[in-house]
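Chains as they are written, first to last, in this note's numbering: chain A, 1 to 260; chain B, 1 to 416; chain C, 1 to 249.
I should point out that these hints are in silico values taken from the structure, not numbers from a laboratory. Honestly, I wouldn't trust all of these hints.
Here are the computed lysine-lysine pairs in the DSSO-like style, where the Cα-Cα straight-line distance is at most 30 angstroms [to be verified]:
| # | chain 1 | residue 1 | chain 2 | residue 2 |
| --- | --- | --- | --- | --- |
| 1 | A | Lys6 | C | Lys113 |
| 2 | A | Lys258 | C | Lys215 |
| 3 | C | Lys13 | A | Lys258 |
| 4 | C | Lys167 | A | Lys6 |
| 5 | B | Lys394 | A | Lys41 |
| 6 | A | Lys3 | C | Lys215 |
| 7 | C | Lys178 | C | Lys215 |
| 8 | C | Lys206 | C | Lys167 |
| 9 | C | Lys215 | C | Lys167 |
| 10 | C | Lys167 | C | Lys113 |
Ranges of calculated distance between the beta carbons of each label pair, as one might list FRET restraints [claimed, not checked]:
| # | chain 1 | residue 1 | chain 2 | residue 2 | range |
| --- | --- | --- | --- | --- | --- |
| 11 | B | Leu388 | A | Ala250 | 41 to 51 angstroms |
| 12 | A | Glu71 | C | Pro188 | 28 to 38 angstroms |
| 13 | C | Asp19 | A | Val173 | 49 to 59 angstroms |
| 14 | B | Val398 | A | Tyr184 | 19 to 29 angstroms |
| 15 | A | Glu71 | C | Arg67 | 16 to 26 angstroms |
Glycine included, each C-beta is placed from N, C-alpha and C at the ideal position.
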Amino acid sequence: MIKILKYTLFDLLRSRSLLFYLAFYLAFTFGLFGLSADIQKVLISMMNVMLILVPLISTMLGVMYYYNSREFTELLLAQPIRRRDIFLGQFMGLSGSMAMALVVGVGLPFVWFGVGTSPFFVQFLILLGSGVVLTFIFCALAFFIALRNEDRIRGFGLAILVWLVFAIVYDGVFLLALALWSDYPLEKFALATSLLNPIDLSRILIMLQLDIAALMGFTGAVFKKFLGTALGSAVAVGVLVLWVLGPLAAIHAVAARKDF
Amino acid sequence: MKYLVVWMVWLWIGLWPCSMKGASWWVYGKCEWTDIQSAIERAAPCDTVWVNGGVWRVDHPIVIDKPLVVLGKNRPIIDGGGGKGDLLLITADDVELSGFTFRHMGINYVEDVAAVRAESVRNVYIHHNVLENTFFAIYLAHVRGGEVAYNRIVGGAVEENNSGNAIHAWYCSELRIHHNEVQGHRDGIYFEFVDESRIYNNHSHDNLRYGLHFMFSDDDVYYQNTFAHNGAGVAVMFSRRIHMWQNRFMHNWGGASFGLLLKEIYDAQIQGNTFSKNTIGIFVEGSNRIQYRHNLFRANGWAIKMNGGCMDNVITENEFVYNTFDLAIQVANESNSYDRNYWSEYSGYDLDRDGVGDVPYRPVKLFAWVVQQTPEAMILLRSLFIDLLNFSEKVSPVLTPAAVMDHQPLMHPLLQ
Amino acid sequence: MIRIDQVSKSFGKLEVLKDISCTFEQQGRIVAILGPNGSGKTTLIKSILGMVLPDVGEISVVGQPIRGRWAYREAISYLPQIARFPDNLRVIELLRMVQDLRQQPAHPEQLIKRFGLTSHLHKRLSTLSGGTRQKVNLVLAFMYDTPLLILDEPTAGLDPVAIIQLKEMLGQAREKGKLVLLTTHIMPLVEELADEVVFLLDGRIKFRNSIEVLKHTFNAANVEQAIARLLLNSGNAHRSLDRVSSVVS
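With the hints as constraints, model all of the structure from the sequences given.
Laid out in structure tokens, this is it:
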């Protein structure tokens, strides 16, 4: 698996799409710093951008990579290599290199402008961390979608749909539900619903750093306990990890039964 | 400057009726005068009573009923032994009390008992004392002219309804309360019917209710105080002409928590204060003719939240940075003005480079309204969907008051 | 060496392999798997490689059932039908990568010289012509000394010179005692090289025997003609074929 990972990484590090991805983040983050030297301001802007773009690009590149490397995959399948290792290696290679592009592309400008010595270092780390985890989650989802769909158009369509659902539709329906049943105690419902969407989860992790003052305005005890203590962050991180492992298990199951 | 200081010292000596006049009385644990009360009785007005060290168990309150200077040397301890009465009572004008530690009082559910109580006197001067686990610590009633300074007041209050205030003033005027550290009480400093007084350089923190509380008090000034981690920072209610300068309101978190509460107050000036990381920076209800200027609102949940009936308020040249919501307004009133502030969320441009944005800024977000209706929706803060909602509302306001607008948003922060 | 036991496979409603059983034991032999498009040749080959998983039946390679196993592929060299590789790689990198992945002794140098690939070694695979890519594909398949060689359309895109070299290599493989399975549409190649023909039609083995028997059975001058007749007959061929082959053998 390590070798597959190595070659996938090697392959991707040369491909233009990944370089473009890296260059985009570099340019964008440096650009933001050009507009405002205020680290906090740039952090907030980057958060908005990353929560949208990371899932989108990860699903798109994930699906694209899978379809483009089909022949390479077949070449590997005919070699004495465990099936699981092939897909796991490719997944790790793809998500790993994308995560690297993200960390370098966003991290470099921040470090350059002195985030290391600023009071926002923890916020910065959490932002990068959630970006990396989101990359893993949405790459895994993309692989899963591509594995289940031989038809590229269908695969891309589904991938965009998945992104759309997690990034926007889910929250819209969520808000609608909250508004409709606002007469009932909705604390637990709201918390559970947020846990089910990895984008919401990452958002909450960052929010706990940026907006804790507003969040503590809740009267509800469950909210307070969840958001006000380390418990909330711990649960959020735990569920995020599950969000990586779940699709990975699904990839494993589908790959084991699939014909090539 | 030097002459001014000398002149002021002379003035002070001249005004203080006892200064440099009386004899000194010494009270030791094992000496002629073995209790403070009898020393006070023996002393003549304007004498100085020195208490040197020791632990003085008090069952009946010590009463200072003549103009005396009562000084503690080597920090003598006045111990209440968990009893339910006052520890020290000042009933004469011109009393100075300094250098003592007061401690260990019981909770009294019936009366507002205090470690140091001054009643119907003038010019009381209480300074450099330590008060630990007292009920009410310093209680001034009908005091005119007086100074409470450099005291350290630490309480262990757990519940609001069976705890007292650290510094409590009732029907007083011309007080100066400064450089005290007050914590662990119901209110750090409490003013009811107290006029023309000054509160400055105090540090009021970790109190259950308010760091500082005004009720029916007029013409007071408080400045350069720090209010942190209280149930709420400062509450100003039913008062007029209060000036609030250069205070710091920090970390007041909770469901009904705020840095500053204004309720039914008029003609106040709020200048140069810092509000940082409060659930609500300033919560305003029914307050008119308030000037907000040069304040910094940083990382609050709501910088300013206005509920009904606020008129003729001017919010200008303030800095709103990284608040979750800059402004939440229930009923918009055309007579309030929000022009010429710096808003970190402002994304307009300034083509003529005059430092003022060319596009007006709307500080009220749709989502603030949504959260008001459905508090749980807060969990969706900063999501793409909410951003889209806010954006569409910004383009064509439907649910947020269109009149609430900064017509001249500043491009650059003016403080810091 | 390869044992296929009642294997069936369908993709959706399409039955591609229908209850196929056969064994390939003899070493030093070249077996041509023939059949029209969609007859199940590639599926059968991929089943042996474990890339396609049969619905029913069992396949054993070198004495062991292959389901869930992967190490047996060390005994197989495979040439896939379409030579497409990661676009960003150079030829030399691809060769090194496959060697690195397989960790078996490999001898690509001679093959590289043979196909004149030396000057292409440092080019990216995406810039190569179809024929050159197929040559790279061949190098990958022939650089290992494995007892089993499975080639899916090895001649696709090759120039005549390369085809001659391929024939030589196949001959050498037979001499070395390898078992070669190949599919092709070029009948003269079959006639020239194959020891045995397996003819697949609609997922079933319609015919399996040596070239001589094939030609004799259909009374044909060459394999091409024989196959054509076999196809024409196949409407009611089943019984007659059995009869004929039993007569011949």
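Hint by hint, here is what the structure shows:
Proximity of A/Lys6 to C/Lys113 is assessed by CA-CA distance (about 29 angstroms); at most 30 angstroms being required, the pair is judged to hold. The straight-line distance between the Cα atoms of A/Lys258 and C/Lys215 is roughly 40 angstroms, outside the 30 angstroms bound, and the hint therefore fails. Pair hint C/Lys13 plus A/Lys258 holds up; C-alpha atoms about 16 angstroms apart against a cutoff of 30 angstroms. About 36 angstroms separates the Cα atoms of C/Lys167 and A/Lys6, which puts this hinted pair outside 30 angstroms; it is violated.
A threshold of 30 angstroms between alpha carbons decides the hint, and for B/Lys394 with A/Lys41 the separation of about 20 angstroms falls inside it, so the pair holds. Using a Cα cut-off of 30 angstroms, the hinted pair A/Lys3 and C/Lys215 is violated, with the two alpha carbons roughly 49 angstroms apart. Only pairs whose Cα atoms come within 30 angstroms are accepted, and C/Lys178 paired with C/Lys215 is accepted, the gap being roughly 25 angstroms. Restraint check for C/Lys206 and C/Lys167: satisfied, since their Cα atoms lie roughly 26 angstroms apart, inside the 30 angstroms limit.
For the hint linking C/Lys215 to C/Lys167, the alpha-carbon distance of about 21 angstroms falls within 30 angstroms, and the restraint holds. In summary, the hint linking C/Lys167 to C/Lys113 is supported, as the alpha carbons are separated by about 16 angstroms, within the 30 angstroms threshold. Checking the proposed 41 to 51 angstroms range against B/Leu388 and A/Ala250 shows it is violated: the Cβ atoms sit about 31 angstroms from each other. Judged by the Cβ atoms, the range 28 to 38 angstroms given for A/Glu71 and C/Pro188 holds: they are separated by roughly 29 angstroms.
Between C/Asp19 and A/Val173 the CB atoms are about 51 angstroms apart, so this pair conforms to the stated range of 49 to 59 angstroms. At roughly 26 angstroms, the beta-carbon separation of B/Val398 and A/Tyr184 lies within the given 19 to 29 angstroms, and the hint holds. At roughly 25 angstroms, the beta carbons of A/Glu71 and C/Arg67 sit within the given window of 16 to 26 angstroms.
In summary, the numbered hints that this structure violates are 2, 4, 6, 11.
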